[in-house]
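Enquirer: Chain residues, written in single-letter form:
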Amino acid sequence: MKENSLWKDAFKRLIKDKMALASLIVVIVYSLIAILASMGLIASDWAKEVGASNLPPSAEHWFGTDIFGRDVLAKVLHGTQIAMSVGLFTALIAIPIGVILGAVAGYFGGWVDDFITWLYTTFSSIPNIMLLISITMILGKGIFAVYIALGATSWVTLCRLIRGEVMKHKEREYVQAAGAIGGGHFRKLFLHILPNVTHIVIINTSLQFQFAIKSEVILSYLGLGVQGEPSWGTMIDDAKLELARGVWWQLAGATMAMFLVVLAFNLLGDALRDSLDPKLKGK
Amino acid sequence: MTSPLLSVRNLVVDFHTGEGVTRAVNNISFDIPAGKTIGIVGESGSGKSVTSLAVMGLLQKPAARIPQGEILFNGQNLLNYNDAQMRAIRGNQISMIFQEPMTSLNPVFKVGDQIAETIRIHNSVSAKEAWDRAVDLMNQVGIPNPAASAHKYPHEMSGGQKQRVMIAMAIACEPKLLICDEPTTALDVTIQKQVLDLLHGLQQKYNMSMMFITHDLGVIGDIADDVVVMYRSNVVEKNNAKEVFYTAKHPYTKGLLACRPKLGANPRRLLTVSDFMDENGVEKHVSPERVVVFDKDSEAEKSSDILLEVKNLVTQFPIKGGIFGRTVDHFKAVNDVSFTLKKGKTLGLVGESGCGKTTLGRSILRLIEPSSGSIIYNGKDITNVYAEELRLLRRKMQIIFQDPYSSLNPRMTVSEILTEPLNIHNVGNGRKERLDMAKELFEKVGLNASQLNRYPHEFSGGQRQRICIARALMLRPEFVICDESVSALDVSVQAQVLNLLLDLQQEFGLTYVFISHDLSVVNFIADEVGVMNAGKIIEMDKATNIYKNPKEEYTRALLSAIPKGLVKSDLSALV
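Quick note, the sequences are listed as chains A and B, same order.
Quick note on numbering: the first sequence equals residues 1 to 283 in our numbering.
Quick note on numbering: the second sequence equals residues 284 to 858 in our numbering.
Mixed in with the good hints there might be a few duds.
[What the hints assert, rightly or not] Subject to a maximum C-alpha distance of 25 Å in a straight line, what follows is the list of computed DSS-like cross-link-like pairs (lysine-lysine): (1) LYS663/B to LYS170/A; (2) LYS615/B to LYS579/B; (3) LYS16/A to LYS344/B; (4) LYS615/B to LYS819/B; (5) LYS727/B to LYS715/B; (6) LYS603/B to LYS170/A; (7) LYS18/A to LYS594/B; (8) LYS168/A to LYS603/B; (9) LYS679/B to LYS188/A; (10) LYS12/A to LYS344/B; (11) LYS679/B to LYS715/B; (12) LYS435/B to LYS603/B.
Because the hints were derived from the structure by calculation, they are not lab data.
Bound conformation, chain A alone (with noise of 0.2 Å):
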């Protein structure tokens, strides 16, 4: 007897897809070092001098040295962990606000939609540079700074469309049975229709989480990120200098990572559209 649920339906369609589950991989051994990473497991010695400044990559050291003789891999390694973390982070802070506010905007309307339109509005018209650059000014900079700023900015599009797609499921049959057998508000909206939407929620999380490493990049590179140790941006920022002079290797590792993990997050959030949409089921 077969007992197949949506999820694990969806999950067979996703690990079908060559490139998808090559994403997968790619993003589960990002978390995996950035989880050993944390641990002090992995590159916990990248301040360590090691050799020589510059030195270019080598058997022993492959991605090279930067000016201080540190190994750039680890570097890169520990990047990884701050990169991850600001993904994890935002999406902490921004999915229970998106969600949250996109559902009761959604399911009562009137007044309390209007007010919670009108705040996402209001946030997404403030350029969402300005906007982090400001949080980090208020809250100082550091990596503390980075989750806020990024998780008060990206939960608008997330409730954009749970607002949306609530206000399609409350006039389905179901949600008005669940009212029928003697059903509240609450039992409604968070025992049937979110569980209906939490799609979305996924999909969307896959796409913010690459937008959120990005945008740590871009606001490390600024000076306004993180402090005193090594992320993806300031060794970017770093790197800039030391380009005409033929070094190159610290700007490639710290970008090739970025890179891949991006590319693997977007394709993944693709291929979860196609997977987890009920409207392709039977495809």
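For chain A, the structure is supplied; the task is to place chain B on it using the hints.
Expert: Chain B alone, transformed into the frame defined by chain A:
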């Protein structure tokens, strides 16, 4: 004897999916002579639509494959045509009308432009000429004030009008063959009758051939010359219409003929396909007591207790206007409705879309708030109860919705769906007991308890409606509103569900309000019938009296719209 216009020979269609190969059409053959109408009848999934798509060359490739057979159109095998050749034929020589008029028109173009586009694809005429021809076609298909209506967008038209526009598009190039795939299934009976008459008239006028696909044998009784009956991918019967109607040979055909409720005399439970054959398709004898006509009036009054009384009920919706969206007027969806309903009885409410019958049903349950009037349930005025009292009331009053596809939450398993009402009202002791209660009712509605952990999409339409019925009955209500609960089902499945509703009524002593646009269904299931029009009940009487002597013109129109099908005296001929 001239050769037929379309000749399908030994056609086989297979679908290749990840899970294997499914045969959708198994070695079928039939002919459509020029100027004749062929009805193709069968239930969902019998392969009738696949056959029509094969003729149009519209099967999804590479999933669908045709390993064998020929489709000869004017002597040419269409299966050998390439895409460009098929495009020249489609819409020009063979055209098609689909089931769902709501979604087959493009919402962002004017209907006149959409008809004109069809004309310009196949003929080199100027935009002006095409537009004039479109207006002329709209006139032919009976759209009032065609010159102005051509400027309308699809959402400004009713369902029946949209289907007329679809017909205008289909006949725009005067095709030799018109394929109609369930063109009236989504429409009310009265509109269905008009559309059928229109199609028949056009077919005569242009001397077209027509291939009419339907799940309801009764529908094509008046217009088909020949009938092809399909069952599980095979053609089981093929004959001229009269022969099929009066001397059906295959047990499945007999079942299809018998399962549609007739006006007036019906057996106590409707006959279904399973009365005529077993699961393996082997014919069996219908037991004689199954066809004995049941007279509702002879039944003794069980009780005279009044369960529900509705007095002068009005439900209105505000009409917003102006820049600031102020309420400028009110639309009375339910306008001064009063009736009483006795315990254990069924009240049928019948009327066309938009007459207010659904709003009335939801107002009684307080799913929509009534504006004035009162609802008295079991001697207690429930018009103004709130919160806890209203929640307790929900245990006694339930509703079964129309669409079995959207009324079940796709992310919940059936056992979760069925135990939810118990959780809300804290009925039953713990998970185990609630699950047992769900299992019991699940089997009572005719489903297998081993399927309780499945998700709704794994069930067919008829099975889903059974799940909806089980959910409504979980709290053991006294009163159930069935809102078009069988309208979305094939006739053969509809009969099974109607029988189930009657069985459950008897077992649990339920009181029903049964809402439908189909007077024959209401007439079969209800003790009393109220005919609704424009928010009011215009006529109300015993079910047997409504069809014998209808008083209102509107009721007579509803009655005459019902497809004739088999006449009642022929019921015994099927045994």
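Enquirer: Give a verdict on every hint.
Expert: Each hint, compared with the structure:
| no. | hint | verdict |
| --- | --- | --- |
| 1 | LYS663/B to LYS170/A | violated (31 Å) |
| 2 | LYS615/B to LYS579/B | violated (35 Å) |
| 3 | LYS16/A to LYS344/B | holds (20 Å) |
| 4 | LYS615/B to LYS819/B | holds (10 Å) |
| 5 | LYS727/B to LYS715/B | holds (19 Å) |
| 6 | LYS603/B to LYS170/A | holds (22 Å) |
| 7 | LYS18/A to LYS594/B | violated (65 Å) |
| 8 | LYS168/A to LYS603/B | holds (21 Å) |
| 9 | LYS679/B to LYS188/A | holds (20 Å) |
| 10 | LYS12/A to LYS344/B | holds (23 Å) |
| 11 | LYS679/B to LYS715/B | holds (24 Å) |
| 12 | LYS435/B to LYS603/B | holds (22 Å) |
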